[in-house]
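Novice: Take these sequences, add in the hints, and give me the full structure.
Number of protein chains: 2
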Amino acid sequence: MKRVLVEELQNCLGQTVTVEGWVLRMRRLSKVTFLLLRDRSGVVQAVLDPQLLKGQSLTAESVVKIRGVVQAEPRSKQGYELAAQEIEVMALADQLPFNINGEELNVPLDLALDHRVLSLRHTKTNAVFRIQAALVQAFQEFLNGHGFVQVFTPKLVASGTEGGTELFAVKYFEETAYLAQSPQFYKQMLVGAGFERVYEIGQVYRAEKHATTRHLNEYVSLDLEMGFIESEHDIMDLQNQLLASMFAAVEMNCPKELKVLGVQLPEVPQIPRVSLEEALGILQREYGKMHQDSDLDPEGERLLSQYVLEQTGSEFVYVTDYPWTKRPMYTMPKGEELTASFDLMFRGLEITTGGQRIHRHEALTANMRRKGLDPEDFTSYLGSFTLGMPPHGGLAIGLERLTAQIIGLGNVREASLFPRDRHRLEP
Amino acid sequence: MKRVLVEELQNCLGQTVTVEGWVLRMRRLSKVTFLLLRDRSGVVQAVLDPQLLKGQSLTAESVVKIRGVVQAEPRSKQGYELAAQEIEVMALADQLPFNINGEELNVPLDLALDHRVLSLRHTKTNAVFRIQAALVQAFQEFLNGHGFVQVFTPKLVASGTEGGTELFAVKYFEETAYLAQSPQFYKQMLVGAGFERVYEIGQVYRAEKHATTRHLNEYVSLDLEMGFIESEHDIMDLQNQLLASMFAAVEMNCPKELKVLGVQLPEVPQIPRVSLEEALGILQREYGKMHQDSDLDPEGERLLSQYVLEQTGSEFVYVTDYPWTKRPMYTMPKGEELTASFDLMFRGLEITTGGQRIHRHEALTANMRRKGLDPEDFTSYLGSFTLGMPPHGGLAIGLERLTAQIIGLGNVREASLFPRDRHRLEP
Numbered sequence: 102m103k104r105v106l107v108e109e110l111q112n113c114l115g116q117t118v119t120v121e122g123w124v125l126r127m128r129r130l131s132k133v134t135f136l137l138l139r140d141r142s143g144v145v146q147a148v149l150d151p152q153l154l155k156g157q158s159l160t161a162e163s164v165v166k167i168r169g170v171v172q173a174e175p176r177s178k179q180g181y182e183l184a185a186q187e188i189e190v191m192a193l194a195d196q197l198p199f200n201i202n203g204e205e206l207n208v209p210l211d212l213a214l215d216h217r218v219l220s221l222r223h224t225k226t227n228a229v230f231r232i233q234a235a236l237v238q239a240f241q242e243f244l245n246g247h248g249f250v251q252v253f254t255p256k257l258v259a260s261g262t263e264g265g266t267e268l269f270a271v272k273y274f275e276e277t278a279y280l281a282q283s284p285q286f287y288k289q290m291l292v293g294a295g296f297e298r299v300y301e302i303g304q305v306y307r308a309e310k311h312a313t314t315r316h317l318n319e320y321v322s323l324d325l326e327m328g329f330i331e332s333e334h335d336i337m338d339l340q341n342q343l344l345a346s347m348f349a350a351v352e353m354n355c356p357k358e359l360k361v362l363g364v365q366l367p368e369v370p371q372i373p374r375v376s377l378e379e380a381l382g383i384l385q386r387e388y389g390k391m392h393q394d395s396d397l398d399p400e401g402e403r404l405l406s407q408y409v410l411e412q413t414g415s416e417f418v419y420v421t422d423y424p425w426t427k428r429p430m431y432t433m434p435k436g437e438e439l440t441a442s443f444d445l446m447f448r449g450l451e452i453t454t455g456g457q458r459i460h461r462h463e464a465l466t467a468n469m470r471r472k473g474l475d476p477e478d479f480t481s482y483l484g485s486f487t488l489g490m491p492p493h494g495g496l497a498i499g500l501e502r503l504t505a506q507i508i509g510l511g512n513v514r515e516a517s518l519f520p521r522d523r524h525r526l527e528p
Numbered sequence: 102m103k104r105v106l107v108e109e110l111q112n113c114l115g116q117t118v119t120v121e122g123w124v125l126r127m128r129r130l131s132k133v134t135f136l137l138l139r140d141r142s143g144v145v146q147a148v149l150d151p152q153l154l155k156g157q158s159l160t161a162e163s164v165v166k167i168r169g170v171v172q173a174e175p176r177s178k179q180g181y182e183l184a185a186q187e188i189e190v191m192a193l194a195d196q197l198p199f200n201i202n203g204e205e206l207n208v209p210l211d212l213a214l215d216h217r218v219l220s221l222r223h224t225k226t227n228a229v230f231r232i233q234a235a236l237v238q239a240f241q242e243f244l245n246g247h248g249f250v251q252v253f254t255p256k257l258v259a260s261g262t263e264g265g266t267e268l269f270a271v272k273y274f275e276e277t278a279y280l281a282q283s284p285q286f287y288k289q290m291l292v293g294a295g296f297e298r299v300y301e302i303g304q305v306y307r308a309e310k311h312a313t314t315r316h317l318n319e320y321v322s323l324d325l326e327m328g329f330i331e332s333e334h335d336i337m338d339l340q341n342q343l344l345a346s347m348f349a350a351v352e353m354n355c356p357k358e359l360k361v362l363g364v365q366l367p368e369v370p371q372i373p374r375v376s377l378e379e380a381l382g383i384l385q386r387e388y389g390k391m392h393q394d395s396d397l398d399p400e401g402e403r404l405l406s407q408y409v410l411e412q413t414g415s416e417f418v419y420v421t422d423y424p425w426t427k428r429p430m431y432t433m434p435k436g437e438e439l440t441a442s443f444d445l446m447f448r449g450l451e452i453t454t455g456g457q458r459i460h461r462h463e464a465l466t467a468n469m470r471r472k473g474l475d476p477e478d479f480t481s482y483l484g485s486f487t488l489g490m491p492p493h494g495g496l497a498i499g500l501e502r503l504t505a506q507i508i509g510l511g512n513v514r515e516a517s518l519f520p521r522d523r524h525r526l527e528p
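These protein sequences, in sequence, are chains A and B. The opening position of the first sequence corresponds to residue 102 in our numbering, with each subsequent residue numbered one higher. The opening position of the second sequence corresponds to residue 102 in our numbering, with each subsequent residue numbered one higher.
All clues stand as given, with none of them false.
Just so you know, same-sequence chains aren't split out, so a pair can sit in one copy or run between any two.
Derived DSS-like pairs: lysine-lysine, alpha-carbon spacing no greater than 25 Å straight-line:
hint	residue 1	residue 2
1	K272	K310
2	K360	K178
3	K155	K166
4	K178	K225
5	K472	K435
6	K390	K427
7	K435	K166
8	K178	K166
9	K132	K155
10	K360	K225
11	K178	K357
12	K103	K435
13	K225	K357
14	K166	K132
By construction, these hints were calculated from the structure, which means they are not laboratory data.
Specialist: What follows is the structure, given as structure tokens:
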């Protein structure tokens with residue numbers, strides 16, 4: 102008999118059906134057992150005569166197949182339940198390291214990650230990744246609809262994009278390769294290769310030793326790059342539309358998940374654009390906070406977001422015009438000291454970095470030299486710039502950070518199915 | 102003035118517009134220059150008075166911005182042309198290593214790959230990757246519509262999925278990690294984590310030393326896995342629908358590209374399913390071809406495809422029931438000697454591998470031992486199987502191979518933007 106999903110049962114009153122899923126919880130009375138069965142679509146209560154088990158043991162989180170009749174039951178949450186006629190244990194679960202049938206998954210993050218298959222079954226944990234998938238899908242749909250082509254570029258590269266620090270080395274036959282820190286060079290080259298607008302969703306790697314709640318050593322980057330722009334403001338304009346479209350899609354596709362997690366999606370207004378210099382001024386004036394360096398530290402990001410929220414109601418703020426010293430060599434300079442660049446802060450955390458790039462060969466070579474880099478180390482990348490490269494720019498959104506900030510997770514690891522950090526390579 | 106795409110010009114007759122793009126070709130007469138401008142949407146002819154260039158040089162593949170009036174011109178291909186009033190050279194191209202304005206890109210593959218930004222601008226090369234992107238988009242849309250969740254799993258892993266051969270090693274802080282050969286373990290675990298149906302599109306890595314026209318050391322795998330199946334035939338059934346849907350989408354979204362490449366998309370009929378034993382019998386009987394080993398070699402794949410095409414009209418054929426010795430430890434056994442597995446051949450090349458997996462812990466442990474593997478080496482993966490794992494199976498399609506076979510490319514490298522092989526790490 103064909104399997105029916107739990108969410109379809111409401112249309113099967115009076116019918117005999119077969120459902121399959123996991124045993125979320127059991128309550129055994131003397132003559133009857135109540136069993137909550139969970140599948141990917143929902144939870145249903147089954148009532149069964151313990152005899153049906155024929156002496157087989159049954160544990161929480163075992164996989165079962167139940168045949169039964171869907172019958173009205175006003176006392177159950179859905180208004181119906183499944184009167185079991187037959188039950189088959191497809192896979193018996195051992196003793197669980199922790200329970201997942203409470204409203205909250207109250208276990209330390211490390212334990213939850215050690216037993217990821219179990220913790221992901223919790224409704225709240227599961228919902229995080231359904232929202233994440235909806236975000237990705239909406240990112241793609243928006244860009245597909247705006248002339249972008251999805252591309253796949255190598256993660257095994259001959260050199261770093263930003264000068265060679267924080268790279269993981271790979272033994273590549275007789276040579277050494279590195280894991281790409283970003284698809285930056287490739288997405289620029291593909292703009293120049295005539296695609297004009299490309300995006301890539303893929304893993305990037307940072308061999309950073311520090312362990313914080315905001316960093317992963319492998320994460321998913323939502324990258325885009327577009328040609329024929331006038332300035333970095335074109336990229337910010339596009340991102341405003343993109344984010345609005347992503348949030349609208351999540352609102353529409355994940356009502357259950359948003360409710361379970363108690364998430365209120367942000368509005369995407371005309372996001373304020375504040376130069377870094379202004380931002381540092383605000384922090385000093387409003388909070389007495391001095392920065393040694395002309396950059397925002399995590400506390401600075403939080404305070405600036407708080408200020409902008411209070412002043413404008415926006416949960417987002419662009420910080421623009423970063424100094425030349427703070428941005429990689431491919432960033433378009435703006436005057437002598439600044440660059441045509443931006444970061445996007447969302448609820449106190451940087452989620453996007455972007456800007457306009459240099460598109461003329463001589464300017465790029467000169468900028469490399471000014472940074473103390475040797476153009477000879479970038480021959481293949483630089484070569485593209487002698488073949489006719491349009492003005493262009495782009496951005497990269499950290500998927501796990503975006504997810505974590507939307508949902509209000511305290512640690513970016515909670516927004517990664519199988520996070521990688523200095524101390525975690527498994528599962 | 103806002104940029105107009107070339108494809109929009111047909112609606113702009115008589116209007117003054119600005120177009121931006123690359124100089125595909127120039128023909129200089131004494132008083133007038135004909136210039137073909139290419140952008141991502143098409144090609145248009147511009148006519149200009151050489152004086153407009155004010156002595157600036159202009160070369161093929163330079164990036165230009167032209168303002169002019171769209172006027173009817175019966176002698177041009179489109180029926181209109183652009184009468185230029187102003188031209189700006191946005192980026193001047195150097196001497197090109199080869200021309201890309203012929204109907205064919207007649208350059209050796211290695212040279213084309215060395216100058217990838219240029220070769221990708223050729224209409225035919227460009228079309229390959231637009232079709233590839235359409236295939237991926239359709240793969241996603243079909244699966245999104247069938248209850249699958251897109252996931253992202255780590256490519257940095259602690260051990261191999263298939264026993265440790267052909268892995269790239271990565272120095273991971275104080276440890277050694279490896280690049281994942283496939284997301285196999287993770288997609289199975291995510292089925293068990295309650296998602297039931299997951300897919301992933303991502304890079305996989307094979308440290309194979311041999312260089313053939315069919316292998317890449319880094320390629321894109323279209324992976325899916327689903328729970329609550331009855332047998333491997335459910336996976337094949339799903340793939341039939343999936344492929345039909347992907348080809349229909351390409352037909353609809355890429356008419357221009359298919360035409361440029363002269364591609365006839367295959368029909369996806371009820372794809373014949375032939376056991377490996379039958380396949381070897383056919384090869385021996387029809388072609389006098391003996392196999393030492395019970396497996397198909399590349400010639401065997403081609404001949405079998407040829408036979409099936411002649412007999413049934415299908416360009417696809419499933420080869421099923423591979424021997425236990427030929428399949429990885431997670432494959433569901435079928436009797437003593439065989440497995441619930443399949444490969445899909447398309448136009449003579451294997452593009453998909455799939456099957457049902459073992460879902461019970463004791464059976465999996467026993468199968469590992471029978472393969473001479475130590476279950477201790479797979480603790481984290483095996484642990485998932487004690488927590489209630491449903492029957493499940495899945496498949497993986499090689500994206501570059503699928504693309505190459507559809508288009509009739511002779512080398513899988515032609516279906517990779519920046520291929521990686523033993524001798525190529527750049528660009």
